[in-house]
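Visitor: Residue numbers (the numbering used here), protein chains in the order written: chain C, 1 to 197; chain V, 1 to 197.
In short, the hints are calculated from the structure, not lab data.
This one's a predicted model, so the numbers in the text were calculated from it and none came from an experiment.
Wrong hints could be hidden among the right ones.
Mimicking DSS-like on lysine-lysine, the simulated pairs with C-alpha atoms at most 25 Å apart in a straight line are [said to hold, decoys possible]:
no.	chain 1	residue 1	chain 2	residue 2
1	C	LYS139	V	LYS75
2	C	LYS26	V	LYS172
3	C	LYS75	V	LYS75
4	V	LYS75	C	LYS26
Some chain V residues well away from chain C (every beta-carbon gap over 12 Å; in silico) [as the list claims (entries may be wrong)]:
no.	residue
5	GLY34
6	GLN48
7	VAL49
8	GLY62
9	ASP78
10	ALA84
Chain C stretches covered by chain V per the calculated footprint, using a threshold of three residues with CB under 8 Å from any CB of chain V [unchecked claim]:
no.	region
11	19 to 28
12	44 to 50
We treat Cβ as the ideally placed atom computed from N, Cα and C, and that holds for glycine.
Protein chains: 2
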Amino acid sequence: MIPFNVILFDDFETLDVYGPVEIIGKIPDKYGLGFYSVNGGVVVNSHQVSVNTLPFSEMDTGGVLLIPGGMGTRKLVDDADFIARLKALSQSAPYVLTVCTGSALLARTGLLRGKNATTNKRGFDWVSGVESGVHWARKARWVIDGKYYTSSGVSAGIDMTLGFISDVHGEKLAEIISGYVEYIWNRDKDSDPFAVD
Amino acid sequence: MIPFNVILFDDFETLDVYGPVEIIGKIPDKYGLGFYSVNGGVVVNSHQVSVNTLPFSEMDTGGVLLIPGGMGTRKLVDDADFIARLKALSQSAPYVLTVCTGSALLARTGLLRGKNATTNKRGFDWVSGVESGVHWARKARWVIDGKYYTSSGVSAGIDMTLGFISDVHGEKLAEIISGYVEYIWNRDKDSDPFAVD
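For reference, chain C alone in the conformation it holds in the complex:
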């Protein structure tokens, strides 16, 4: 069983986290979910969600990493200690998945430089300004470049996670999961109705 490590921080976006968690939670034989923040303890957001986390130091860093977005990323991109830790965790991970403005955090580590990626469409200008050395796609539900999966805003994380499952474990399993959670999977990563010009 591979760890599936979710990064949390204050003011994360609720569904960026719990959409992918719902999908991964349906295959507990394959992935073990864990929630981590820098020092552990209670993390809260503007939706009054209050969640208990373990510290980064207790993470099995051989697992898949999920980096959500949310307003909290605006401060964290300038937190050199956080970014350094995130870089180390991302380097160890076999796959790194970001949702929404989570890609700004990953971009800040420098690991996306020269790679293809996408992000939240309303936050596009801010994210692409954080790190201009990334080939930012203006139109994509999600983008894959090697071990890096980056998705558009919020709900796109669900589609990307199903796409990740499909790539790694086969499309049939992704279909079974989407049926189980009665989710109408938007499986074309290049179809993006929320793209902005």
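Position chain V relative to chain C; hints supplied.
Guide: Using the frame of chain C, we list chain V on its own:
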């Protein structure tokens, strides 16, 4: 601002809760989110989600009520004390929204008797057996009967919550929210690709 009271219990289904929470969280001028369990404290589920809640006794019962589903409902339908408390909370609420097998809990209170409702499609036979006096719809993304909104499994809760916003505050607001969270809203409550014969 109207309270939006989310009922939690061990082994709730993650996305049943956090899908609607993401939608409601986008209009903090209209709704104030709160998370409640019978006695308050930490609630956990099989996805390792660990969330902090307030006790039912601290709820402002004039708010909208959200009842999620999940494996935890299988035990709770036989917990007479919980069902009696849920009945009182549901009677006080101007609207009651259920997701997935959350409708089994609401049905057990007797408040759905003679009314139209739906539920998770894979759990259909179990839920409809819990309370046979309900007109259970085998094919519906969500069903409205007076103040009761009941949805199909998991992800259908997101569509229903947007439908609820549309009904109460206008379709334009529901569209703005779905754009903000980049969610492809399935707005036809009668279109149900997961219906079973």
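Visitor: For every hint, state whether the structure bears it out.
Guide: How the hints compare with the structure:
no.: 1; hint: LYS139/C <-> LYS75/V; verdict: violated (46 Å)
no.: 2; hint: LYS26/C <-> LYS172/V; verdict: violated (34 Å)
no.: 3; hint: LYS75/C <-> LYS75/V; verdict: violated (43 Å)
no.: 4; hint: LYS75/V <-> LYS26/C; verdict: holds (20 Å)
no.: 5; hint: GLY34; verdict: violated (6 Å)
no.: 6; hint: GLN48; verdict: violated (4 Å)
no.: 7; hint: VAL49; verdict: violated (7 Å)
no.: 8; hint: GLY62; verdict: holds (17 Å)
no.: 9; hint: ASP78; verdict: holds (25 Å)
no.: 10; hint: ALA84; verdict: holds (26 Å)
no.: 11; hint: 19 to 28; verdict: holds (count 6)
no.: 12; hint: 44 to 50; verdict: holds (count 5)
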